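Heads up: the sequence lines are chains A and B, in that order. Under our numbering, read the first sequence as residues 1 to 150, first letter to last. Under our numbering, read the second sequence as residues 1 to 186, first letter to last.
Honestly, the hints are just simulated from the structure, not real lab data. Please note that the accuracy of each hint is not assured.
To be verified - Straight-line alpha carbon distances no greater than 35 Å define the calculated DSBU-like cross-link-like pairs of lysine-lysine that follow:
| # | chain 1 | residue 1 | chain 2 | residue 2 |
| --- | --- | --- | --- | --- |
| 1 | B | Lys115 | A | Lys38 |
| 2 | B | Lys90 | A | Lys126 |
| 3 | B | Lys115 | A | Lys135 |
| 4 | B | Lys110 | A | Lys38 |
| 5 | A | Lys137 | B | Lys90 |
| 6 | A | Lys131 | A | Lys38 |
| 7 | B | Lys115 | A | Lys131 |
| 8 | B | Lys115 | B | Lys90 |
| 9 | B | Lys110 | B | Lys120 |
| 10 | A | Lys131 | B | Lys110 |
| 11 | A | Lys135 | B | Lys90 |
| 12 | B | Lys55 | A | Lys38 |
| 13 | B | Lys120 | A | Lys135 |
| 14 | B | Lys110 | A | Lys135 |
| 15 | A | Lys91 | B | Lys55 |
| 16 | A | Lys137 | A | Lys126 |
| 17 | B | Lys120 | B | Lys42 |
| 18 | B | Lys110 | B | Lys42 |
| 19 | A | Lys131 | A | Lys91 |
| 20 | B | Lys55 | B | Lys120 |
| 21 | B | Lys110 | A | Lys137 |
| 22 | B | Lys90 | A | Lys91 |
| 23 | A | Lys91 | A | Lys137 |
| 24 | B | Lys90 | A | Lys38 |
| 25 | B | Lys120 | A | Lys91 |
| 26 | B | Lys110 | B | Lys55 |
| 27 | A | Lys91 | A | Lys126 |
| 28 | A | Lys131 | B | Lys90 |
| 29 | B | Lys90 | B | Lys120 |
| 30 | B | Lys115 | A | Lys126 |
| 31 | B | Lys110 | A | Lys91 |
| 32 | A | Lys91 | B | Lys115 |
The structure displayed is predicted, hence computed values, not measured ones.
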Amino acid sequence: MKIILPVAAALAALASPAIAAEPAPVAPTAIAAPPEGKGQIVFFRRGGIGPLISCAVSENGARVSRLPPGKYFVLVTTPGAHSYTVSSEAKDTLNLEVEAGETQYAKCNIRMGIVAGRPNLAPSTKEEFDKGAGKLKLVEPEDAKDDDKK
Amino acid sequence: MRLILLAVLAQAVALPEAPAAQPPVAEASPAVSLLPALTMLKLEMVDGVSTRTTKRGDRFAIRLAEAIDLPGISLPAGTTGHGEVVHAQKAGAAGRAGELILAARCLEVKGVCLKLRSLKVAPPHATERSDLALAVGVAAGPVGFLISGGHRDVAAGTALTALTAENTPWPPQPVAPQVQQQEPKP
Chain A
1 MKIILPVAAA LAALASPAIA AEPAPVAPTA IAAPPEGKGQ IVFFRRGGIG
51 PLISCAVSEN GARVSRLPPG KYFVLVTTPG AHSYTVSSEA KDTLNLEVEA
101 GETQYAKCNI RMGIVAGRPN LAPSTKEEFD KGAGKLKLVE PEDAKDDDKK
Chain B
1 MRLILLAVLA QAVALPEAPA AQPPVAEASP AVSLLPALTM LKLEMVDGVS
51 TRTTKRGDRF AIRLAEAIDL PGISLPAGTT GHGEVVHAQK AGAAGRAGEL
101 ILAARCLEVK GVCLKLRSLK VAPPHATERS DLALAVGVAA GPVGFLISGG
151 HRDVAAGTAL TALTAENTPW PPQPVAPQVQ QQEPKP
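With the rest of the complex left out, here is chain A (with noise of 0.2 Å):
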C-alpha cells in the first residue's frame, strides 16, 4: 500500500499537466432565431479541401450567397418548399422544406470531379455546424458577391 499511494500520485501528476493543456472549448456559434412567421436556413462549407472551388447557392437561378471555405450564412425565408443548386461541372439540388421559427442547416463539401472538384450540397444538423464552432466564419458582403460567371 505504501508503495501504491507514491506511484498513484506521480502517475496523478504526470496526467495533470495533459489535462491542463487541453484547450478549452469553445463557445457554439450562436444563431438567432428566425424573424416571425419566417424560418431560416444555416449553409456552411468547412474548410480543407478545394478551397479554390466555388460555392455558389442559388435559388430558382438567382444567387443567393457565395461561401468560402470556413464560411457560413444565414438565409431567412419564407416557410415552405425552397430548392437550392450549386454547380460547377455538375449541379447538386437540396431540396428542403422551411418551417416557421425554425433552423434548418445545410453543408457545402467538394467532392472529387473529372475535371474540377464539385461542390455538393447536403443537409447537415446543428451538431455538425457547431463542430466548426470558432472555426466558422460569417460570410462577409464582398465574398457574397457575383465574381465568377458559373
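On the provided structure of chain A, position chain B as indicated by the hints.
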C-alpha cells in the same frame, strides 16, 4: 243580447295578453377542447425508407408511439398517419453519401388530417467518404471515383418526434370544401 255580446267582447279584450315570445335561450355549448399547435408527439416509422429506393415525393406510413391524454382530448397510441420524402439522393461515386429529408404530414383522426410539422429523426447521417475519395483520387487518379458513400436508411420502428402544426378543435372537424362563386357572365 247585445249587452251579453258586449260583455263577452269586453272580457276578451281584458284577457291578459299571451306572454311575449321570449328570446331563445342560448343552449350552453359544451366546452370545446383544443389541441394546441406545437404539441410534441412521439411517433415511429411504420415503413422503412432508404436512399437506395426512395425518391422525392414518396409517402411513408407513421404511427403515434405514445398516446396523448389531455383534458377532453384522447389520441390513442397506434393512430396512423403519413409523412413525405422532401429530398432524396442516392449515395454515389467519389464518396458521396445518401441524402434524405423527411417531413411528417398527417395523423388520421376519424378521417380528418391532424396536420404535423417539424419532424425529427434520430438515426445518424450516412457515411460520407468524399474526403477519402478525393485523397485516393489525388494519389491514384480515377480510382477515387470508385469509393462510394454510405446510404441513408430510416428503418421501420425508428423513433420520431413531430409537432402539431396548428390549434385543432377536438375532435378535429372535416374542413368544408371551398366553393368558388362564379361571377355572372355579362
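**Unsatisfied constraints (hint numbers, rising)** = Checked against the structure, the hints that fail are numbers 3, 10, 14, 21, 31, while the rest are satisfied.
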